[in-house]
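Which chain is which? The protein sequence lines are F and Z, in order. The opening position of the first sequence corresponds to residue 0 in numbering that gives the first Met the number 0, with each subsequent residue numbered one higher. The opening position of the second sequence corresponds to residue 0 in numbering that gives the first Met the number 0, with each subsequent residue numbered one higher.
It cannot be assumed that every hint is accurate.
Label pairs and their in silico Cβ distance ranges [what the hints assert, rightly or not]: (1) R26(Z) to P115(F): 18 to 28 angstroms; (2) R72(Z) to A49(F): 44 to 54 angstroms; (3) A11(F) to K95(Z): 54 to 64 angstroms; (4) P115(F) to D89(Z): 40 to 50 angstroms; (5) S110(Z) to S1(F): 48 to 58 angstroms; (6) S100(F) to K115(Z): 16 to 26 angstroms; (7) A33(F) to D92(Z): 21 to 31 angstroms; (8) R72(Z) to L23(F): 42 to 52 angstroms; (9) L23(F) to S79(Z): 22 to 32 angstroms; (10) R136(Z) to A18(F): 36 to 46 angstroms.
Pulled a few chain F residues facing chain Z out of the computed Cβ check, cut under 7 angstroms [claimed, not checked]: (11) H85; (12) T87; (13) G96; (14) A103; (15) A105; (16) L110.
Note that these hints are calculated values from the structure, not bench results. Please read these numbers as outputs of a predicted model, since none were measured by experiment. Just so you know, even glycine gets a beta-carbon here, dropped at the ideal spot from N, CA and C.
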Amino acid sequence: MSRLLAAVAAIAALLAVLAGGIWLFGAVVAGSTAAAVVLVGAWFAVVGLATEAATRRRSSLRMVLRIAFVTTTVVLLGAGAYTSTHETTVNEALDTGPPASRAAPAAVDDLLAPQP
Amino acid sequence: MLRRTLVLTLMLCAAALAVLSSPAAARNVELLRGTVRPLSHSASGTAAVVSTGSGRRVLTLRSFRLDPGPRVRVWLVPRSAQGDGQLPKDRVDLGKLKGTRGNQQYTIPKSVDLRKYSSVVFWCVPFTSGLARADLRRS
């Protein structure tokens, strides 16, 4: 039972560390797409190596965490590939109106300014 | 007979005045308009800001098309913001992009000053990247 709990806790910790890295390096630290890809990739490599090192003498945990790591990586790559190729079409009714050039400039300024 | 006609006419005029002076009868006005142009993804379409008769302001995207990306948000940013590779700090989030194709619109919060926030950026959050943008000018 304690082994099972340890495995569950280790998987949860691994996922949290990976997710935290994605958020930190991909959305906060990185200033460009290339930087985000490189930093997140490097983070995954570091976490993978660290997991291997930490479980060197715990063979039961090692396989579980390997599976969790590989599954997470594959799922994330799959999700990224899906959202990067999947088209979604919407056709909402749009509000339309005549151009503001026909209205008084002051009235247009009022509508562009924050509304009460 | 004449009196009845007069009363009826007055009633009709009053009803017409009530309808015309109601907010719903106020007319929509297109305030801003611009073309969606690609940054890191292929994109096209027309973006516009319309003030509706009911007092709302909406961003409309007509004939919109954008190559897909994960977690794309629609942001209003100042015209000076780069928006192509650098995260614009000064921005108004209008929400998740509803679709990569078609006509769609987004409500603009009342507090937004559209004299300042006059560009639209389609921002991919995980890749910290602007996919497309539209610089809006007065219609």
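Each hint tested on the structure:
{"no.": "1", "hint": "R26(Z) to P115(F): 18 to 28 angstroms", "result": "holds (19 angstroms)"}
{"no.": "2", "hint": "R72(Z) to A49(F): 44 to 54 angstroms", "result": "violated (32 angstroms)"}
{"no.": "3", "hint": "A11(F) to K95(Z): 54 to 64 angstroms", "result": "violated (28 angstroms)"}
{"no.": "4", "hint": "P115(F) to D89(Z): 40 to 50 angstroms", "result": "violated (23 angstroms)"}
{"no.": "5", "hint": "S110(Z) to S1(F): 48 to 58 angstroms", "result": "holds (54 angstroms)"}
{"no.": "6", "hint": "S100(F) to K115(Z): 16 to 26 angstroms", "result": "holds (21 angstroms)"}
{"no.": "7", "hint": "A33(F) to D92(Z): 21 to 31 angstroms", "result": "holds (24 angstroms)"}
{"no.": "8", "hint": "R72(Z) to L23(F): 42 to 52 angstroms", "result": "violated (19 angstroms)"}
{"no.": "9", "hint": "L23(F) to S79(Z): 22 to 32 angstroms", "result": "holds (28 angstroms)"}
{"no.": "10", "hint": "R136(Z) to A18(F): 36 to 46 angstroms", "result": "holds (41 angstroms)"}
{"no.": "11", "hint": "H85", "result": "holds (6 angstroms)"}
{"no.": "12", "hint": "T87", "result": "holds (4 angstroms)"}
{"no.": "13", "hint": "G96", "result": "holds (3 angstroms)"}
{"no.": "14", "hint": "A103", "result": "violated (11 angstroms)"}
{"no.": "15", "hint": "A105", "result": "violated (13 angstroms)"}
{"no.": "16", "hint": "L110", "result": "holds (5 angstroms)"}
The structure shown violates the earlier hints numbered 2, 3, 4, 8, 14, 15.
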